[in-house]
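Q: Here the protein sequences come in this chain order: A and B.
Numbering follows our numbering, in which position 52 of the first sequence is assigned residue number 52; successive positions increment by one, without gaps.
Just so we're on the same page, our numbering is the position in the second sequence counted from 1, plus 113.
Just so you know, the hints here were simulated from the structure itself, not pulled from any lab data.
As the structure is a prediction and not an experimental result, all values here were calculated from the model.
Glycine included, each C-beta is placed from N, C-alpha and C at the ideal position.
There could be a bad hint or two in this list.
To be verified - Straight line, CA to CA, 25 angstroms or less: simulated SDA-like cross-link-like pairs of lysine to any residue:
1) A:42 <-> B:191
2) A:69 <-> B:158
3) A:42 <-> B:137
4) A:63 <-> A:80
Claimed, not checked - Take a look, some chain A residues computed to stay more than 12 angstroms from chain B by CB distance:
5) 26
6) 81
7) 85
Stated by the list, open to error - Just some of the chain B residues that point at chain A, by a computed CB distance under 7 angstroms:
8) 120
9) 139
10) 220
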Amino acid sequence: EDQVTQSPEALRLQEGESSSLNCSYTVSGLRGLFWYRQDPGKGPEFLFTLYSAGEEKEKERLKATLTKKESFLHITAPKPEDSATYLCAVQASGGTSYGKLTFGQGTILTVHP
Amino acid sequence: SQTIHQWPATLVQPVGSPLSLECTVEGTSNPNLYWYRQAAGRGLQLLFYSVGIGQISSEVPQNLSASRPQDRQFILSSKKLLLSDSGFYLCAWSSGGSAQPQHFGDGTRLSIL
Numbered sequence: 001e002d003q004v005t006q007s008p009e010a011l012r013l014q015e016g017e018s019s020s021l022n023c024s025y026t027v028s029g030l031r032g033l034f035w036y037r038q039d040p041g042k043g044p045e046f047l048f049t050l051y052s053a054g055e056e057k058e059k060e061r062l063k064a065t066l067t068k069k070e071s072f073l074h075i076t077a078p079k080p081e082d083s084a085t086y087l088c089a090v091q092a093s094g095g096t097s098y099g100k101l102t103f104g105q106g107t108i109l110t111v112h113p
Numbered sequence: 114s115q116t117i118h119q120w121p122a123t124l125v126q127p128v129g130s131p132l133s134l135e136c137t138v139e140g141t142s143n144p145n146l147y148w149y150r151q152a153a154g155r156g157l158q159l160l161f162y163s164v165g166i167g168q169i170s171s172e173v174p175q176n177l178s179a180s181r182p183q184d185r186q187f188i189l190s191s192k193k194l195l196l197s198d199s200g201f202y203l204c205a206w207s208s209g210g211s212a213q214p215q216h217f218g219d220g221t222r223l224s225i226l
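For reference, chain B alone in the conformation it holds in the complex (with noise of 0.2 angstroms):
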């Protein structure tokens, strides 16, 4: 069965630190990998997908990044946090293919100082 993984879960950082939250799956090769935040109380803001290896589309301008390193690995990142970063990250994944279902990783709470 396939599995999502991600760390830390929970993350305290100062204003302008840098920032990396990873993400992996197993049991599944070639998954559709995203990250989206979700800001409390709150639905879930997609950040970036990625259907490949080095292949990354974001959908909102902001401060942070995203990479894929690997096929089931997706990193998200920044070079120096806003306290507007602050939130809870999901990592999800999906088969290819039309209307799959997105599973989600447990996420992590971020909090900026």
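Bound conformation, chain A alone (with noise of 0.2 angstroms):
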């Protein structure tokens, strides 16, 4: 069975403090591995997609970067408009349900000005 660990649960930082969320991942195949930022009471908005190890993606402040076993969201320099729930999520490849996405629980990083 596909899983995604996420951690830590929660992450509070002062602006300006750059710090890495982690998300470990066991999937008998890996297809992508996607990052997603969720505001509260919105739907998840999509960052990134990795599909193999060694990748980096970068978008503003952050950065992806997929290993065998892992990926990091490193956040450079954060400001409070960061603040949010990030999400890993994996697809397998293989398996009967076309596009799926196994999620982690999340993230909760809290940037205090």
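Both chains are given apart, each in its own frame, so use the hints to dock them into the complex.
A: Right under this line is the structure:
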């Protein structure tokens, strides 16, 4: 069974204090790993797709990296507007559920001014 | 550009009443469509997915059903709601193909009294 574990559950940072969120995964074969941002009362907003170990993607203050067992979302010099829940999801190769994503529980990020 | 609409945004229903939540997608053809439920403080659970009109697959046994009467319309229904049906319901779409990201609507907050 595919599993995704995110840590920490919650992270509080001061504005400008860089840090990383972790997403550990177990899948029979990885088709893709996805990062989303979710604001309270809203649907998740797509950030990145990573396909293979060693791949990196960047968007503004966010940088996502991927190894064979985990992914990191690095946040450089965060601002209060980066506060949100960050979700990680994997899509496994094969299986019977085409396009199915398995989500982690998320990391709640709070950035204080 | 593609957009996804869900309504209503919030809904309060008595136990035993019927349910109909609607989701429509604009700006794309033949999307894959998904219904998720997100419990408070938890990740997303896939309920149904559809790869075409009239084609519905269920991920978990439950009190809900889904239908896709048109290419870009996805409906979540119940004949009699249970207390356990409360939650945040999200509709998503993706393009066909391998490891395509899913894009979410803003969800419906359903409360059962």
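Q: Indicate, hint by hint, whether the structure satisfies it.
A: Verification of the hints:
With a C-alpha separation of about 23 angstroms, the suggested pair residue 42 (chain A) and residue 191 (chain B) falls inside the 25 angstroms cut-off, and the hint holds. Between residue 69 (chain A) and residue 158 (chain B) the CA atoms are separated by roughly 22 angstroms; this keeps the pair inside 25 angstroms, and the hint holds. Of the pairs offered as hints, the one joining residue 42 (chain A) and residue 137 (chain B) holds, with about 17 angstroms between alpha carbons and a cut-off of 25 angstroms not exceeded. Note on residue 63 (chain A) and residue 80 (chain A): the hinted pairing holds, with a Cα-Cα distance of about 17 angstroms set against a maximum of 25 angstroms.
Every Cβ of chain B is farther than 12 angstroms from the Cβ of residue 26 (chain A); the closest lies at roughly 15 angstroms, confirming the non-interface assignment. The beta carbon of residue 81 (chain A) is kept farther than 12 angstroms from every beta carbon of chain B, the shortest such distance being approximately 18 angstroms. Residue 85 (chain A), annotated as away from the interface, has a beta carbon of chain B within 12 angstroms; the closest lies near 10 angstroms. Annotation: interface hint on residue 120 (chain B) violated; nearest CB of chain A at approximately 13 angstroms, more than 7 angstroms.
For residue 139 (chain B), the interface hint is violated, the least distance from its beta-carbon to any beta-carbon of chain A being 16 angstroms, above 7 angstroms. About 5 angstroms separates the beta-carbon of residue 220 (chain B) from the nearest beta-carbon of chain A, less than 7 angstroms, and the hint is met.
The earlier numbered hints that this structure contradicts are 7, 8, 9.
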